[in-house]
Structure formats: C-alpha cells, structure tokens
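Here's the letter readout for the chains.
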Amino acid sequence: MNVLQQTINGLIIGHAFALVAVGWTLLLGSARLVNFGHGQMYMVGAFVAWWVMRTTGLPYLLAVPCAVLAGAALGALMQKLMLRLTLQQNLVSLMIATLGFGQLLEGAAGFAWGPRPQTLASPLQAIELRWDDVWLTAQDLLLVVATIAVFAALHLVLKRTVFGSAVRMVAEDPKLTQLGGLDVARVYMGIFAFEGAAVAFAACLVAPRTPILTSMGFEQVIMTFVVVVLGGIGSVGGSYAAGLGLGLFTAFFGALVSPAYTTAAVFVVLIAVMVLRPGELASAGGFAR
Amino acid sequence: MRFLWPALAVLGFFSPRLLGGGALVYGTLTVIAIFAVMAYGLDIILSDLGEVSLAHTAFFAAGAYAASLLAVDHDWGAWATLGGAIVVSAVLALALGLLTLRTREFAFSLVTYAASVVCAVVAANWSALGGSDGVVGVPPLDLSVGAVKLVAGTNVQLWPYAYGLLLLTMFLVSRFRRSRLGQAALMVHMNPRLAVMSGLDPQRVRLLVFLLSAPISAVAGWLYAYQRAYVGPDLFDTYFLVLMLTAVILVGRRILVAPALGTALLVGQTSFASLGSYGDKVLLGVVLLTILCLFPGGLASIRPRRPRPDRAALRTMERS
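These protein sequence lines are chains A and B, in that order. Taking this note's numbering, the leading residue of the first sequence gets 1, the next gets one more, and so forth. Taking this note's numbering, the leading residue of the second sequence gets 290, the next gets one more, and so forth.
Bound-form chain A, shown alone (with noise of 0.2 Å):
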C-alpha cells in the first residue's frame, strides 16, 4: 500500500465529506433539524449544474453558481414550508418532515430528468498533478481550496458579523431572540438559503467523481450524516475536523481491512460516540465553536 497517496486520498475524500456537511452542520446547530432530505438537495445541485451545461452551453465553472442559486432557492421554499415547525422546535415532526421533502424532490427531478445515469463533465477532472508516484486531479485539488474557503468563511460570518451574532442567538433560544426584537423568521430564511447553497455547491465539486442519478438520494451522502454528528452538533470547526478525520478513516479501512464494510464500521463509531457522549451532543452547546 502506498501510505502517502492513500493519505491523500482520505484528504480529499476528507473535504469532499465537509464540504458536504456544511450546510446541514449549520441548519443542525442552528435550528436542530436532522435534514433527511439532504441528499436530495445534493442530487438537485448536481442536476441543475449538468442540465445548465447541457441546455445552455455554458461551461462548467458557470453552470455552478446557476447550482448554487437553485439550491439557495429551494433552501428557502423549505424554510417556507417548515418554519412554523422550525418556531415551534416540533423535532419529530421536522424529520418526518424532511423525509416528506426528499422524496418530492425525487419524484420531481425524476420527471424531469428520467431514470438514466449522467456525468457532470468537469474540465479539471482530467487534469492530472503528479509526483513520483502520488497523484491527483487539479478538480481534487479545487475541492480542497474550496472547502478551506468556505469553512474560513462560515466561521468569520459567525463570529464576527452582525448577523452571525443573530444566528448564533437563535441557536440558543429562538423565543428569546423574537423577544429581543430580532426577526427569526429571517434569520431561518438565512441558514436554510445557506444549507440549500452550500450543498448544491458541494455537489457541483464532487460530483464529477462519480455518475449522477436521480435516484441516488440519501445513500450518496450518507457519511454527511457522520460528520455532522461525530464533529458535535452545529460545530463548524467540530465538523470540518471530522470529515478529515472520517476520510483518513474511509481510506485507510477500505485499503487495509474491507471497502464493502467501510460505512458499517463508521456508523458503529457513531453509534459508540452516541451512546457513550450523549450529553453533549443533543444539546446545542457546541454551537459556532
């Protein structure tokens, strides 16, 4: 086995799983909304990105923020739908909720881009960096840049903006923050337009690894779900530091042990942290840490 390129590539699978991650780890922390629909909106991001390419014309690295704005649409049109759940921190009834909107976004981008498997074609996934014997793609290295950026940025929002500030005050007592004269409801509009964006995001880089379906739904992002929880809810820098930490881990199991039971051994480190730590994690505390 070669230990520096498998180092590598847990590194990139490492951000690719953060990246992912950001925006639930957000909405999580921020309204404690377990997004099951996030996959969905990954494959959404993903769709939009290939069909803006397709229809239009228009190269890879435009048809991205055409991505990013659907996925902030559609954040919203959740936020819409959800926020009175959202105020009255009805948490079952969120998830089931989420659920509910996952499967309409199958359905729907089912109709409108059928059942067959397609690319999103990348131009930097067939530029290749060498040296000696590691290697990677210049679209991994994006990737990488990428997420370093927007974790950078999510944490300068958070702890030194206005609205950061307002964020993070919904996050501990929604009711309070009304109080105190804030609008919540926008504040939701905000988180929710950001999860929306920053999965399509994530999509638009990662997805030219792998084919796109319509069907692959919450299975292709289920690691989010790891790291999200593993990094302690709402934690940003928690999350980023997890998602390094479960790629190294992906990589090195599925090299040494077995990639078909990879996920299995991940959700048992889950369930091992949850059972043993829960305390801190269904609680908000971590919040913006």
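Simulated from the structure, these hints should not be mistaken for lab results. Don't take every hint at face value.
What the hints assert, rightly or not - SDA-like, lysine to any residue: derived pairs with alpha carbons at most 25 Å apart:
#, chain 1, residue 1, chain 2, residue 2
1, A, 80, A, 69
2, A, 175, B, 567
3, A, 175, B, 572
4, A, 159, A, 185
5, A, 80, B, 576
6, A, 175, B, 480
7, A, 175, B, 571
8, A, 80, A, 57
9, A, 80, B, 571
10, A, 80, B, 480
11, A, 80, A, 179
12, A, 175, B, 576
13, A, 80, B, 579
14, A, 80, A, 172
15, A, 175, B, 339
16, A, 80, B, 584
17, A, 175, B, 394
18, A, 80, B, 479
19, A, 159, A, 123
20, A, 80, B, 583
To be verified - Among the chain B residues that face chain A by a calculated CB cut under 10 Å, a handful are:
#, residue
21, 335
22, 396
23, 404
24, 566
25, 567
C-beta: ideal position from N, C-alpha, C; glycine also.
Let chain A serve as the given structure and place chain B on it in line with the hints.
Coordinates of chain B only, in the frame set by chain A:
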C-alpha cells in the same frame, strides 16, 4: 356500539370480495395488512413514547431474514420461523434499547438510524445472509397443526392469515394502551418528571415498550417473506421507512385504526391509482408535507368548523 367493532372486523375480512376479488385486489390487501402490522410496531413508539425510531425497517427486515434463512437453509416450519423472527428481533431490540437508554429526541433517532444503516450494510455484504442476492425460494406458508392443514401459497390463501395477524396486532395495541405499561409510556412521554415522581423508571419503561414494538414489526416481516418468497437487502429501502412513518401520522396519532387506514390509503393509491413511480413519490412527499405543516393532528383533525353562536340570539337570552 357494542357490535360496531366486531361488525367492522367481519366486513374487513370480506373487503377483497367487496372490491371485486381479483388477484390484484387480494395481493394489494394482503400487502396492506402486512405493512399495517409493520406500522403498528412503530406506532407505539411514535404515538405513545413520542420518539421517532428509524430502526423499525431493521426489525421488519430481521423478521423477514430470520424466516427466510431458517425456512430455506434449515427447513424449519412456519411456526418455528415465527418464533425465530420474534427472538431475533427481540435480541436486536434489547441491544439497541440498552444502547439508546440515555438518548432522547433526535439523538435517539440518529442512533436508531445508524443502527439500521449498519444492519443494511451487513445484510448486503455478508454471504451468510445471502449478500446482495438475498434469499430466494422461501416455501409457501404452512401453519398446519396435526391433522388441520393450513397452507397458503397464493395471495387469496394468504389473506386470512394476514388479516388475522392485523386484527391480533390491533387487539394487542389496544390492550397495550390500556395496560399499566401503556399508561406509563404515555406519562413518560408527556411529563417525564411527573413519571419519575410517581415512582416510574422512564428508562425501564422505554426499554420495555421498545422490546414490545420490535417483534410486532418483525412478525410483519416474517409474513412478508412468505408472501414474496424472496428476501433481499431492498427491505432496508427508505420506502419502507417513509411508508411506516406516513401511515402512522397520516390519519392521526393514538387512534387505533389510524395506521391500518393510513397504510391502506398509501398502498391502495400505488396499486389502484398509481401516478407512475415518480408521481407516487411526489404525491407521498406532498401528502407528508401537507399533513405535517398544515394539519399536524392528521386527517382526523380536519373537521368542519362549528358555526359561530348567533350573537342576536345570545343577547336575547341575556335580556331574558
């Protein structure tokens, strides 16, 4: 009122004939009865304990896998596989119940979801469980006792068993709701502190309810294995999870017939009024979102509003 429920139960038995009695009708109603039983397992967790368990697909699949593996590989009879399905699901539920003792709300849902993912990966990859090919060639259901021959190979023959199982499950759930454990579960759900002050141990109550609910879903899986004659990793599909959850919340929580009615509406639609696989998904999503966002109490909460009291009449009454 005394004869209403028995009359409805008898009417339900003849419902396939009342609907025309074709193969499609029998097939659909048999599947509805089986899936309704699966949903009742989740119902007592969701409606009575107030938690969302995402592991019930795993219990359902565990029942189906136990039945098919024991019947195909070890030639066990249907009664024995029934016992096997119950034991396997109870062991799984005990392990998961002990693990999730201290988790609540979405932490509970996340752990149960993680558990079902682990089960799905193991089922899809472990050759002893059939791997990705699953288990084929499950024999017809044979519940014969002594000289009494009770064999069911077709949906028409399976219907009485599926329907009987559904009635038995409904009876069990209604008894549970009136039992001490059922009352305790509701108290732990509605007011955990009061429950503790009343001398209840919430963790024990939650574990017991979990242990009761898992075999219900597993028995549904057991019958499904015989109905379909094939068991595979597709049993872990999100479809079953969404179907179960929607069936439970569609009509209204803590209403005895609600999960059966909800399942009938959902499965009936895909059989008799299908909009194609995409259309069905869109419809299911719209139904879920509409119910949860607009009518959180379920269809049963949609009642015509009472007319406002006539103010002129009130004034007249006050004067008099």
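Okay, the hints, checked on the actual structure:
As the CA atoms of residue 80 of chain A and residue 69 of chain A are separated by approximately 17 Å, the hinted pair is consistent with the 25 Å bound. Restraint check for residue 175 of chain A and residue 567 of chain B: not satisfied, since their Cα atoms lie roughly 39 Å apart, outside the 25 Å limit. At roughly 34 Å between alpha-carbon atoms, residue 175 of chain A and residue 572 of chain B are farther apart than 25 Å, so this suggested pair is violated. Pair hint residue 159 of chain A plus residue 185 of chain A holds up; C-alpha atoms about 21 Å apart against a cutoff of 25 Å.
Between residue 80 of chain A and residue 576 of chain B, the direct Cα distance comes to roughly 16 Å. Compliance with the 25 Å bound is thereby established for this hinted pair. Annotation: proposed proximity of residue 175 of chain A to residue 480 of chain B holds, straight-line Cα distance about 22 Å (limit 25 Å). Using a Cα cut-off of 25 Å, the hinted pair residue 175 of chain A and residue 571 of chain B is violated, with the two alpha carbons roughly 34 Å apart. At most 25 Å may separate the alpha-carbon atoms for a hinted pair to count; residue 80 of chain A and residue 57 of chain A exceed this at roughly 33 Å.
Of the pairs offered as hints, the one joining residue 80 of chain A and residue 571 of chain B holds, with about 18 Å between alpha carbons and a cut-off of 25 Å not exceeded. Using a Cα cut-off of 25 Å, the hinted pair residue 80 of chain A and residue 480 of chain B is violated, with the two alpha carbons roughly 31 Å apart. A distance of roughly 21 Å separates the Cα atoms of residue 80 of chain A and residue 179 of chain A; the hinted pair therefore holds under the 25 Å criterion. Distance check on the hinted pair: residue 175 of chain A and residue 576 of chain B sit about 29 Å apart at the alpha-carbon level, beyond 25 Å; violated.
For the given pair, residue 80 of chain A sits about 12 Å from residue 579 of chain B by alpha-carbon distance, which is consistent with the 25 Å threshold. In summary, the hint linking residue 80 of chain A to residue 172 of chain A is supported, as the alpha carbons are separated by about 21 Å, within the 25 Å threshold. Restraint check for residue 175 of chain A and residue 339 of chain B: satisfied, since their Cα atoms lie roughly 23 Å apart, inside the 25 Å limit. A hinted pair counts as satisfied when its Cα atoms are at most 25 Å apart, and residue 80 of chain A with residue 584 of chain B qualifies at roughly 16 Å.
In summary, the hint linking residue 175 of chain A to residue 394 of chain B is supported, as the alpha carbons are separated by about 20 Å, within the 25 Å threshold. Of the supplied pair hints, the one linking residue 80 of chain A and residue 479 of chain B is violated, its CA atoms being roughly 29 Å apart against a limit of 25 Å. With a C-alpha separation of about 36 Å, the suggested pairing of residue 159 of chain A with residue 123 of chain A is violated against the 25 Å cut-off. Our distance criterion of 25 Å between C-alpha atoms is met by residue 80 of chain A and residue 583 of chain B, whose separation comes to about 12 Å.
Hint on residue 335 of chain B holds. Least Cβ distance to chain A is approximately 7 Å, under the 10 Å limit. The beta carbon of residue 396 of chain B comes within 5 Å of a beta carbon in chain A, closer than 10 Å, and the hint placing it at the interface holds. Hint on residue 404 of chain B holds. Least Cβ distance to chain A is approximately 6 Å, under the 10 Å limit. Taken as an interface hint, residue 566 of chain B checks out: its beta carbon lies about 7 Å from the nearest beta carbon of chain A, inside 10 Å.
Interface hint at residue 567 of chain B: satisfied, since its Cβ lies 4 Å from the closest Cβ of chain A, which is below the 10 Å cut-off.
Hint check: violations occur at hints 2, 3, 7, 8, 10, 12, 18, 19; the rest are consistent with the structure.
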